[in-house]
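S.K.: These are the residues of each chain, in order.
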Amino acid sequence: MSATEARAPKRLPLAPHEIVLVVILAIALAVLATLSDRFFTLDNLLNQGRLMTEVGLIAMPMTFVIVTGGIDLSVGSTMGLCAILLGYSWKNFGFPLELAIVFALLVGTVAGFINGWFITRLKVPPLIMTISTLALYRGLAEGISQAHSVRGYPEGFYLLGQGEVWGVPTQLWLLVVAIVIFAVILARTTFGRSLYAIGYNETGARFSGLPVDRIKLAIYTASGLMAGLAAWIFVSRVSTTRSDMGTGIELDVIAAVVLGGTSIFGGVGTIAGTVLGLLLIQLLKDGLALTGVKGDATIVVIGAVLILSILITNFAQRRREQGR
Amino acid sequence: MQSNSKPPVLALDGITKSFPGVRALKGVSFDVAPGEVHALLGENGAGKSTLIKIMSGVHTADTGTIKLDGREIAMTGPHEARRAGIATIYQELLLFPELTVAENVFMGHAPRTKWGALDWPAMRAKAQVLLDSLDIHDLDVAQVVGTLSVGNRQRVEILRALSQDARILIMDEPTAALTEHDVQRLFAIVRRLRERGVSIVYISHRLEEIFILADRVTVLRDGEHVATKAVKDTDNADLVQMMVGRRIESLFPKIDVPIGAPVLEVRDLVRMPQTRGMSLTVRAGEIVGLAGLVGSGRSELAQTIFGVTPAQSGEILIGGQKVSVRSVADARRLGIAYVPEDRGIQGLVRPMTVRENASLAVLSDVSRHGFIQRETEEKLANAAVRQFGIRTAGIEQIVNKLSGGNQQKIVLGKWLATKPKVLILDEPTRGIDVGAKAEIHRMMGELAGQGLAILMISSELPEVLGMSDRVLTVREGRIVAEFSRAEATQERVAEAMMGGTSHESSAA
Chain L
405 MSATEARAPK RLPLAPHEIV LVVILAIALA VLATLSDRFF TLDNLLNQGR
455 LMTEVGLIAM PMTFVIVTGG IDLSVGSTMG LCAILLGYSW KNFGFPLELA
505 IVFALLVGTV AGFINGWFIT RLKVPPLIMT ISTLALYRGL AEGISQAHSV
555 RGYPEGFYLL GQGEVWGVPT QLWLLVVAIV IFAVILARTT FGRSLYAIGY
605 NETGARFSGL PVDRIKLAIY TASGLMAGLA AWIFVSRVST TRSDMGTGIE
655 LDVIAAVVLG GTSIFGGVGT IAGTVLGLLL IQLLKDGLAL TGVKGDATIV
705 VIGAVLILSI LITNFAQRRR EQGR
Chain U
2 MQSNSKPPVL ALDGITKSFP GVRALKGVSF DVAPGEVHAL LGENGAGKST
52 LIKIMSGVHT ADTGTIKLDG REIAMTGPHE ARRAGIATIY QELLLFPELT
102 VAENVFMGHA PRTKWGALDW PAMRAKAQVL LDSLDIHDLD VAQVVGTLSV
152 GNRQRVEILR ALSQDARILI MDEPTAALTE HDVQRLFAIV RRLRERGVSI
202 VYISHRLEEI FILADRVTVL RDGEHVATKA VKDTDNADLV QMMVGRRIES
252 LFPKIDVPIG APVLEVRDLV RMPQTRGMSL TVRAGEIVGL AGLVGSGRSE
302 LAQTIFGVTP AQSGEILIGG QKVSVRSVAD ARRLGIAYVP EDRGIQGLVR
352 PMTVRENASL AVLSDVSRHG FIQRETEEKL ANAAVRQFGI RTAGIEQIVN
402 KLSGGNQQKI VLGKWLATKP KVLILDEPTR GIDVGAKAEI HRMMGELAGQ
452 GLAILMISSE LPEVLGMSDR VLTVREGRIV AEFSRAEATQ ERVAEAMMGG
502 TSHESSAA
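Chains L and U, in that order, are what the protein sequence lines are. By the working numbering, the letter at position 265 of the first sequence is numbered 669, and the numbering carries on one by one without gaps. By the working numbering, the letter at position 194 of the second sequence is numbered 195, and the numbering carries on one by one without gaps.
Worth flagging that the hints you see were computed from the coordinates, not collected in a lab. Don't take each hint at face value.
[Claimed, not checked] Chain U stretches covered by chain L per the calculated footprint, using a threshold of three residues with CB under 8 Å from any CB of chain L:
id, segment
1, 330-338
2, 350-359
3, 366-379
[Claimed, not checked] Between beta-carbon pairs, the in silico distance windows are:
id, chain 1, residue 1, chain 2, residue 2, range
4, U, GLY432, L, LEU450, 54 to 64 Å
5, U, ARG327, L, VAL426, 43 to 53 Å
6, U, LYS380, L, VAL584, 54 to 64 Å
7, U, HIS138, L, ILE535, 42 to 52 Å
8, L, PRO615, U, SER30, 21 to 31 Å
9, U, ALA384, L, VAL584, 25 to 35 Å
10, U, ALA394, L, ASP648, 50 to 60 Å
All values reported here derive from a predicted model rather than from experimental measurement. Even glycine gets a Cβ: it sits at the ideal position worked out from N, Cα and C.
Model the full assembly from the supplied sequences, consistent with the hints where possible.
M.R.: Below is the structure:
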């Protein structure tokens, strides 16, 4: 066809930032494997997969939210609220367990919808809105639980959190499915394209006729739903329900998303990056613990890796936007 | 008036300045005598802003000399300019809205007590002296600037410049946002300053102001110095010809096309505070020009028709059918397209590629079940690049890196891809070079020829007059006058824009 097509640059399968992460991940794996012989075993790696599923599931919609330039800090509290309501409605309302699970997922969805509604209709900044509901949802969870934990679920309930399917932790299958769905939506659909447009320039997106508010409402709602799903898995994994569940998980989630190259200013980010960020953080935590590094030092290493990766992203970003 | 026999207070000679990819100034000379009003004239992109930024130390010239009182000085930054007594009043006023008049005037150089604290009584007294010296009696030094009108805020800027003993005042389109009353008061202040020996570099697009106010005029075109003349030795036509470098008729190739049935009809449209009951009609093949001052409500009207700020009352009809436009998506579906004033913010998502921008308004057309069909999208983008002659390395090019003219063509392509019946163009050629401007004007003619109804908003009167079949004038949220192509002259339209016209709206 025309010459303009021939000159179009070839697309790399991975963005430069993701390549950097793959390299860091490979180095970390190699170093940690030589330092501890328990690290690079299939059992350990699958167990790490089990441990990172909750963070991973919440990180999927969080990637969408951050790509639009927003943030959702309430996910940990939503998770706590859903967990409590799962146990409470089963034990105190006499809901069948299946209904209790559906109820918990519904509560998560509504919690996310409330965030989205205030953010889009009343133009409350996402940071303010979700920091408010971070307090609000956690307070509700604590008020409902009255410091009582719920235990003694039937045996079948633990299949999701503690069981295996075809030799792989059950919940890891869920995470894999979620990753594929979210990755396809972000990379291939008009919805995904709209998320990037909103993140780069929300006014421009509105003037192009994109349903900006509907899209934002949808992603905050999805964020709540995934927090509810994570709550179900978490309860099933640890066999108990407490109101402080998920406390601080928003920081792990956001760290993974940002480490994965998603710009907190919006417009930039991929699911592949987020998955790499998740893997890197989880394996660093585990590997350093296995090699005898104390918890505090582990956090320091993760912090350093985070800063390093952000410096690299910013550098790439500046090159992309030069001449603006 | 003044003779220019006095030695200049400021003289620039052989100034060149290049930015990556553009030579903004090519050996320009400019000087200003004490107590002289020297007008600087040129189209957008002619190099006026670059020249005043060099005078005020914001940019450093690549070559050339700057002399102050006959002595060469090194203008290395805004600080040197301030010390030399050069002050600039920009279009967007740089004031602190929360602070008082006196505080704004003395921000950064406030009088101090011997303990180093701010000397409030002295500050107020000095501000009052400045006010009196300009014969301004209706401005209180203790008033908060945010509550003042644009005209009064501008006066505060002028006071601020004088408080720093400015001898040379550069005014960048000072009347662009002023009411007629404020314009007259500004003129009075400018004359008073001239009597006091202050030199004024005056930039304006309004030729009539130059004849009222200026002693000499310098015309720039494409970064080159065209001429410097005494105002009494020139006239309107002469200046325009020097600015554009050709006769005005050839710049706006208006093609006469048959005008059909009404496509867009707007009746008593209200969206407070800027749209206060506007009515207009645009017919197939017709280009209607919307003239008016900045802030008169032109863009707001367009954005209400386009659904960005939906109407509170009134009717919109498309092809004779009453329609409801509650969102941009509604407008697009109804065949209304809007090429906005602010290309960078409203028109494009600049960090995205040409391909992504070209398809942004028609994502549903390039997708199936929500999945983007990459091939269809690429075809669309390539077609736009070809059709509009967009100069780009390819459709994967980031839009940011393209010139203003090419960016504007992408916005145009993006909206024409929606196959509109009505095209609203808001300042379609602002900030783009003369060549791209002519191309966009040619495209407008062709589109009208294909039966599109075009509503064009422009602050450039020659553009309005040259392109429009009909001209509507907007003032304070209302359409106040209508002129046919034959009736529309620069004077009559400008008069209606400013107020004090006898042509009352016949409401199209």
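S.K.: Could you run down the list of hints and mark each one as holding or not?
M.R.: Against the structure, the hints come out as follows:
no., hint, verdict
1, 330-338, "holds (count 3)"
2, 350-359, "holds (count 5)"
3, 366-379, "holds (count 5)"
4, GLY432/U to LEU450/L: 54 to 64 Å, "holds (59 Å)"
5, ARG327/U to VAL426/L: 43 to 53 Å, "holds (47 Å)"
6, LYS380/U to VAL584/L: 54 to 64 Å, "violated (28 Å)"
7, HIS138/U to ILE535/L: 42 to 52 Å, "holds (51 Å)"
8, PRO615/L to SER30/U: 21 to 31 Å, "violated (55 Å)"
9, ALA384/U to VAL584/L: 25 to 35 Å, "holds (33 Å)"
10, ALA394/U to ASP648/L: 50 to 60 Å, "holds (55 Å)"
Consistency note: the structure conflicts with the earlier hints numbered 6 and 8.
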